[in-house]
Amino acid sequence: MNENEQNKSGPETLFADWMKTSTAFWESMASTWPAFNKAGGVTPDSKRDDKTSRFQKSWESTQKTWTAWSQIITEPETMKTLFKETGMLPEIFLKIAQTGLNSFVHLQQQWLERAGKVQESTKSYTFENFDEDALKVWTKLYETELRKIFNIPQLGLTRFYQEKMIRSVDKFNMFQSNLTEFLRLLSLPMEKSFQVLQEKLVALADEGNLPKDSKVYYQMWIKILEGNYMTLLQSSEYTKILNKTLHSMSEFSEAKKDLLQDTLLYTLPIPTQKEMDELYKEIYLLKKRIKELENRS
Amino acid sequence: MAQPKISVDLILSKLAEEAEKAGESAQKASDVLLESLETKIAVTPYDVVYEEDRVKLKHYKPTVEIQLKRPLLIVYALINRETMLDLQPGRSVVQNFLQEGIDVYMIDWGYPARKDKYLTIDDHVNGYMDNIVDFILDKHNLDKIHLMGICMGGTFCVIYSALHPEKIKNMVTTVTPTNFDTNQGLLHIWMKDMDVDRIVDTYGNIPGDIMNMGFLLLNPARLMIDKYVGFIENMANKKFVENFVRMEKWIFDSPDVPGETFRQFVRDCYQKNLLIQSKMEVGGKRVDLKKITMPLLNYYGKYDHLVPPEACELLTGKVGSKDTEDICLDTGHIGIYVSSKYQKEFVPRIARWLKERDEDKKKRGAKKATAKKRVAKKTPKKTAALKTKKKK
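Protein sequence lines correspond, in order, to chains X and R. Per this note's numbering, the first sequence runs over residues 1 to 297. Per this note's numbering, the second sequence runs over residues 1001 to 1392.
Be a bit skeptical, because a hint or two may be false.
The calculated DSS-like cross-link candidates involving lysine-lysine, where the alpha carbons are at most 30 Å apart (straight line), are [as the list claims (entries may be wrong)]:
(1) R:1021 x R:1227
(2) R:1028 x X:215
(3) R:1028 x R:1238
(4) R:1249 x R:1028
(5) R:1115 x X:287
(6) R:1285 x X:291
(7) R:1249 x X:215
(8) R:1318 x R:1285
(9) R:1341 x X:223
(10) R:1238 x R:1249
(11) X:215 x R:1302
Which chain X residues stay away from chain R? Per the calculated CB distances, all over 10 Å, these [stated by the list, open to error]:
(12) 13
(13) 14
(14) 78
(15) 92
(16) 99
(17) 145
(18) 179
(19) 180
(20) 192
(21) 264
Treat the hints as calculated values from the structure; they're not laboratory data. For glycine and all other residues, C-beta sits at the position ideal for the given N, C-alpha and C.
All chains should be built: construct the whole structure from the sequences, respecting the hints.
Shown next, in the form of structure tokens:
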């Protein structure tokens, strides 16, 4: 077999032959179209004729583009270049994969750095107050790192709704975090009161003065608990966390209201609270004005 | 054999005894809870004689002959409901006033709706209250009436009497906060740093449940635990259960507080303490306490955790009146009105005080002179639970 014959039976020739055959097939299919129309598709309805011819025109135009493109691609020079590039494909794929992997590693590195920062910022916490520290670490981690995800700008037609939804999720997370801290604070006197009671009971047992009546134990405990609560409730730490919780609760309520009003209620045929408030204010001011005028006359 | 340090046998036998008692009590309790209970509150008959928006004026039907020329208008707070003054027959401030021959009117502030969120202190005091006072004056053809305020309602009465002194003959304030610069009460501590604007802007009206939660947190051990332990212990006692349920009905019947009123009350009173300094402005007018020239009787509770004595006792020294009296009772915020001990002396004392001041000065002077000639003046008994401070 000479070189020319070898070339003829190579992948380029096979591909070119397949292109030619398929083009010829679609050309013949296209040529049968008018015959099909004449055979059964022709009706006195001119509109239907228009529709058929529009479809046929579109088909012919596509077919012409395909023929032109297949002619170019089946030229021996083009085929050669194409198959030369095919040999380079693994190299290109490798490059794409490498870039992707690099980006992923970089992202991971960033996360690790962030985690490192979190570790740095929480160095002062110890495992002595595990629940308190865990809460503080979580809040800080959320505020400084995780929250950034919610700040990624939203794009597109639904940007407005996405923003409302994300804001509401963010405010909910903040409220939950503050509420947990507040509840933890409220549980402290309870925990402490049991400790103090146990110490007292040990002392009484040592003295041999353990009360016989169970009510006495309860009275002792409730008195300790009340005292512990009074100390906590008067502290500036309690007021600070209470205000923080109330503030975040208000922010969450507002975000939730915005989401419901501006997305869901807006589409329903009922007035929103915002609209009703405006109306109430107008009525309120009008009533005041009437009273003033009545008093003047 | 040496005596053991802990008498385990005694403790165990006591426990067994208590368990037996608890079993019996549980059986009785189920009988009590399953039978019909009388738990209605506010049953003293009345007519609604005036209505404006959500606000109603209750006029109670006299039970004996009216002995005072002027009726008494009672102004309750916007927090919780006025039904506390008429919890049940035999434990009702309103009923006691009626039995003293006093014509009683009481404001029912109703349940503020969303549309009421714009209502300010001015709207309540110079609007609803003033309209109600005018209505009573017209109805009785009088120039002045007696005014009595409870808690925040008392603060409203103080503001009203300073702005409209010509319409008030005598004023009684009970557990009324006027000096807010104190750390005696937890509310005073918490309110100082509260971001009231944020809360009002978010909620419009302040939800009653949030307010109730705040009140429960004033003493969680007693109000959230001990109270219900007491209930369980006494569930077999029908009377106790009925009274307890009545109290629960009242305490958790909490209307929302109109937002703008709450905002001004917290900002001007709790945070800036303007009222006691005569610097507060209502409806564009300064509330000058020196303009309160009518006699003033000021009641408060020594163990009041909501409105501590320090929040109440400065008022009598700041008003323009020379006829003032402070009475501090050994009880808490609600005890003044509902405890059986103070039921016996609280209303009769106010009634006596009002009767002494019901008529015009000239007439009263002439009557007093005649009376002095006839009988020696009786002085009220001083009990250990009563501390009074007079300025005359």
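To see whether the hints hold, each was checked on the structure:
With a C-alpha separation of about 20 Å, the suggested pairing of residue 1021 of chain R with residue 1227 of chain R holds against the 30 Å cut-off. Annotation: proposed proximity of residue 1028 of chain R to residue 215 of chain X holds, straight-line Cα distance about 20 Å (limit 30 Å). Taking the CA atoms of residue 1028 of chain R and residue 1238 of chain R, the gap is about 9 Å. The hint holds against a cut of 30 Å. Between residue 1249 of chain R and residue 1028 of chain R the CA atoms are separated by roughly 23 Å; this keeps the pair inside 30 Å, and the hint holds.
Taken as a hint, the residue 1115 of chain R and residue 287 of chain X pair is honoured in the structure, with Cα atoms around 12 Å apart against an allowance of 30 Å. Proximity of residue 1285 of chain R to residue 291 of chain X is assessed by CA-CA distance (about 17 Å); at most 30 Å being required, the pair is judged to hold. With a CA separation close to 28 Å, the supplied pair residue 1249 of chain R and residue 215 of chain X stays within the 30 Å bound. At roughly 18 Å between alpha-carbon atoms, residue 1318 of chain R and residue 1285 of chain R fall within 30 Å of each other, so this suggested pair holds.
Restraint check for residue 1341 of chain R and residue 223 of chain X: satisfied, since their Cα atoms lie roughly 25 Å apart, inside the 30 Å limit. The hinted pair formed by residue 1238 of chain R and residue 1249 of chain R meets the criterion: a straight-line CA distance of about 16 Å does not exceed 30 Å. Simply put, residue 215 of chain X and residue 1302 of chain R have alpha-carbon atoms about 28 Å apart, close enough for the 30 Å limit, and the pair holds. Every CB of chain R is more than 10 Å from the CB of residue 13 of chain X (nearest about 77 Å), matching its label as outside the interface.
Non-interface call for residue 14 of chain X relative to chain R: holds, since the shortest CB-CB distance, roughly 74 Å, exceeds 10 Å. Taking the minimum C-beta to C-beta distance to chain R, about 69 Å, the non-interface status of residue 78 of chain X holds against the 10 Å cut. Annotated as non-interface, residue 92 of chain X keeps its C-beta farther than 10 Å from every C-beta of chain R; the closest such distance is 57 Å. No beta-carbon of chain R is positioned within 10 Å of the beta-carbon of residue 99 of chain X; the least distance is around 48 Å.
With a least beta-carbon separation of about 26 Å from chain R, residue 145 of chain X lies farther than 10 Å from that chain, consistent with its non-interface assignment. Under the 10 Å C-beta cut-off, the non-interface status given to residue 179 of chain X relative to chain R holds; the minimum distance is some 12 Å. Interface exclusion of residue 180 of chain X from chain R stands, the closest Cβ pair being 17 Å apart, more than 10 Å. The Cβ of residue 192 of chain X lies farther than 10 Å from every Cβ of chain R, with a closest approach of about 12 Å, so its non-interface assignment holds.
In this structure residue 264 of chain X is separated from chain R by more than 10 Å, as the shortest Cβ-Cβ distance comes to about 19 Å.
Hint compliance for this structure: no hint is broken.
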